[in-house]
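Heads up: the sequence shown is residues 1 to 328, going by the UniProt record's numbering.
Fair warning: there could be bad hints in the mix.
[Stated by the list, open to error] Cβ pair distances, simulated, as ranges:
#1 L58 x Q323: 40 to 48 angstroms
#2 L230 x A130: 16 to 24 angstroms
#3 I220 x G85: 27 to 35 angstroms
#4 I220 x Y65: 40 to 48 angstroms
#5 K218 x Y72: 46 to 54 angstroms
#6 V64 x E87: 19 to 27 angstroms
#7 G118 x W178: 41 to 49 angstroms
#8 Q323 x R131: 33 to 41 angstroms
#9 M17 x S147: 29 to 37 angstroms
Derived from the structure by calculation, the hints contain no laboratory data.
Note that beta-carbon positions come from the ideal geometry of N, C-alpha and C, so glycine has one too.
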Amino acid sequence: MDYDFSEDVAKIWPALMFMAGFVVIVGALLFVLDILPRWGRGKERLQMAGFLGPALILLGVGLVYPLIRTVYQSFLDASSDSFIGFENYSWIFTNDDTLIMLRNTLLWVVFVPSLATGFGLLYAVLVDKARGEGIAKSLIFMPMAISLVGASIIWKFIYAYRDPGVEQIGLLNQILVWFGGEPKQFLSTAPGNTFYMIAILIWIQAGFAMVILSAAIKAIPSEIVEAARLDGANPWQMFWRVTMPSIRPAVIVVTVTITIATLKVFDIVRTMTGGQFRSSVLAVEMYNQAFRSYDAGKGSALAVLLFVLVLPIVVYQARQLRQRTETR
């Protein structure tokens, strides 16, 4: 029996057409950009438009339009048929479950950036110019090489619970049993489960903070360090009067970056509890409303709230970068 390729061709035909169209458009763009400079002076703007045009179009299609659409949908009902005004936003700030979700999000934003940056700074100072510095940094940075889902699965086994009298497979509960205690349900007891999950992101982000801050410490001019030592500064004074002022921009960058990542945290909570046991956060609740409860209005309202929370941090970071660029 001969194999009929017509069915397979029909399935992949749209993809082939898309790829062919993409090649034609890119080829035409490169051709135009190649011949424009030969037309003489005054064509720089056309050349700039040729380079920036596709990026701006993709930005509008992939970011601006979805943003406008999401904001519009946040004022509609679950099926996006009727305009209901600010009811979805009112639901966010009046419903008991969403208030717990907002509280959990606040806990994440308060503890993760501060502790991850603090631990990263501590690691950077302790291992700076120490014996085995490279190995120590590699071990501390290693969690960054693990995906958030993979790290969550690892820690889910660490927190795993079995009934008393049954052999424990979770490391922490086994330690409790060894010391004569009772196994504990770490992930199903609120609000402790939120802090146990916060520890995972701190464990991951501390390595990132350590690498950036260690590079900033090594960039401190040696003349400043030597002058402080000649003036009789002790290690504590060196840290607060030399190291911290010198690496302050790096500390701000690290804190802001981790804060943005924390506001959008999804993988850890989704993998470990699914948002149950009063452990949900903003991104998880947005996913649950939009794709599990099929409530496009509430899901869009939560997405808009997440955007509003992230936007000021991004603006602040952009201003800091511009100020540092202007002062150089």
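Structure-based check of all given hints:
1. L58 x Q323: 40 to 48 angstroms: violated (30 angstroms)
2. L230 x A130: 16 to 24 angstroms: Since the Cβ atoms of L230 and A130 sit about 23 angstroms apart, the hinted range of 16 to 24 angstroms holds.
3. I220 x G85: 27 to 35 angstroms: Once the Cβ atoms are compared, 55 angstroms apart, the range 27 to 35 angstroms for G85 and I220 is violated.
4. I220 x Y65: 40 to 48 angstroms: holds (46 angstroms)
5. K218 x Y72: 46 to 54 angstroms: At roughly 49 angstroms between Cβ atoms, Y72 and K218 fall inside 46 to 54 angstroms, so the hint holds.
6. V64 x E87: 19 to 27 angstroms: Taking Cβ atoms as reference, V64 and E87 lie about 26 angstroms apart, which means the hint holds.
7. G118 x W178: 41 to 49 angstroms: Since the Cβ atoms of G118 and W178 sit about 31 angstroms apart, the hinted range of 41 to 49 angstroms is violated.
8. Q323 x R131: 33 to 41 angstroms: holds (38 angstroms)
9. M17 x S147: 29 to 37 angstroms: With Cβ atoms ~34 angstroms apart, the hint holds.
Violated hints, in rising order: 1, 3, 7; the structure is consistent with all others.
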